[in-house]
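Given next are the chains, with one letter for each unit.
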Amino acid sequence: MIPIAFDYVRPTTIPEAVAALVASGEDGKILAGGQSLMPVLRLRMAAPSVVIDCSEIADLQGVRDDGNSIVIGAGTTHHDVMNSPIVKEHSPLLAMATATVADPAIRHRGTLGGALAHADPAGDLPAVALALDGVLSVTGPNGSRDIAAADFFTDYFTTSMAEDEILVSVTLPKLGAGWGYHYEKFQRTAQGWAIVGVAAAVHRSNGNITAARIGLTNMAPSPVRASSVETALSGADATVKAVGDAAASAADGTRATSDLHAAADYREHLARVITKRAVLTAGGI
Amino acid sequence: MQVSMNINGEPITADIEARKLLVHFIREDAGLRGTHWGCDTSNCGTCTVWVDGEAVKSCTVLAAQADGHEVRTVEGLEGADGLDPVQQGFIECHGLQCGFCTPGMLMTARWFLDRNPSPTKDEIREAISGQICRCTGYKNIVDAIHWAAEHPRTNEVTA
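From first to last, the protein sequence lines stand for chains R and U. In terms of our numbering, the first sequence opens at residue 16 and continues consecutively. In terms of our numbering, the second sequence opens at residue 1157 and continues consecutively.
Next up, chain R with everything else stripped away, as it sits in the complex (with noise of 0.2 Å):
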């Protein structure tokens, strides 16, 4: 379909952004990279009188090290984000999570801010910054604060940044050494949505695992945390046994959906069998 008619502006500065959506009032959109917005407007599930495109604010791209974390530039696109060195290096969960998002083309355009922003619950990403204990950077006209991930995600398709504010930065713990990680996704289709995933990253040192976080991805209206199980991972026996025992909690907690992909009790079921695979795998089990 086409869209509803709407204004477009392409600001070339943050603060430029700011006043575009501050002068739309309620109705102005935010296209990052636009690989879930045009889906929505082409549907006209959305009907903004304007649209900002911010792909070309050069202050909301790029990837760089600050010592104990990295900061990723809302507006990074999913294959600049997987590409990245200091990604893979330091936030390997992040670049392979991303590369399992749609296909090669929509990894071109879509960014990491825009994911996060749109938080599908489906999407895969939310779940990894759940996960990492990142914290998200957004701007308004009444300044800058910082979200905590486990704050920052509220509901379907609804986070905690106000109407006139944008997502301008991410910030991930570096993963030190001993943490191995993994993203597990069930889908249907190679290009699909998860049907569940999960996010996991394990600490081990001497054959026992001393610090376990792992999101979930579609188990509810927003990523989750599977908090039992990590504390049940905590100083568990690396084995394929206690790992197993630890993930039989990971639906606990949940609130899966039932939908045309899955009923909600095998979303349970899906959760308790990736998560022990995905942990297997992150603790190299």
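Hints may contain errors.
What the hints assert, rightly or not - Residues from chain U that face chain R, not an exhaustive set, calculated with beta carbons under 8 Å:
1) E1173
2) R1183
3) S1198
4) T1204
5) A1283
6) S1285
Because the hints were derived from the structure by calculation, they are not lab data. The beta carbon of each residue, even a glycine, is placed where N, CA and C say it ideally should be.
Following the hints, position chain U against chain R.
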């Protein structure tokens, strides 16, 4: 709004509505009908073109976003000395049946081979994972792209 871009080396300027998709601009304003408009849901990939040398789905990009940029379509694949090897490969290996998906397959294949000149067949399958052939003729398409990898082009096409 007025947009200007370069398509296959030719400048074009037109007054369009901001909501116009790049695929419609290419077909209607530039008059280049090689790029197909398929699923309109970002899934099938037959509308794939290059913007600044990167393969994109032109049904999921506004023409306004391409303002000031370089676009290359399937009409721009053929070089001075004849067909691009991916085009020849589709002939040699019977890489199309109805042909509807072919422009997107060709543009994706050329983009891919420029970055991975000696791919495995699994890498080819991954590269075209965003392209759907409803005749399901994937085996011959993979063979055709593999044929093209074994017959590198001699002339350079740059977007």
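Comparing the hints with the structure gives:
Look at U:E1173: its Cβ gets to within about 6 Å of chain R, closer than 8 Å, so that hint holds up. Hint status for U:R1183 relative to chain R: violated, with the closest Cβ pair at about 13 Å, above 8 Å. For the restraint placing U:S1198 at the interface with chain R, the shortest Cβ-Cβ distance is roughly 6 Å, inside the 8 Å limit, so the hint holds. Checking U:T1204 against chain R by beta carbon gives a least distance of about 6 Å; that is within 8 Å, so the hint holds.
Against a cut-off of 8 Å between C-beta atoms, the interface hint on U:A1283 holds, since the closest Cβ of chain R lies about 6 Å away. Here the hint on U:S1285 is kept, as its CB sits about 4 Å from the closest CB of chain R, short of 8 Å.
In the structure shown, a violation is registered for the earlier hint numbered 2 alone.
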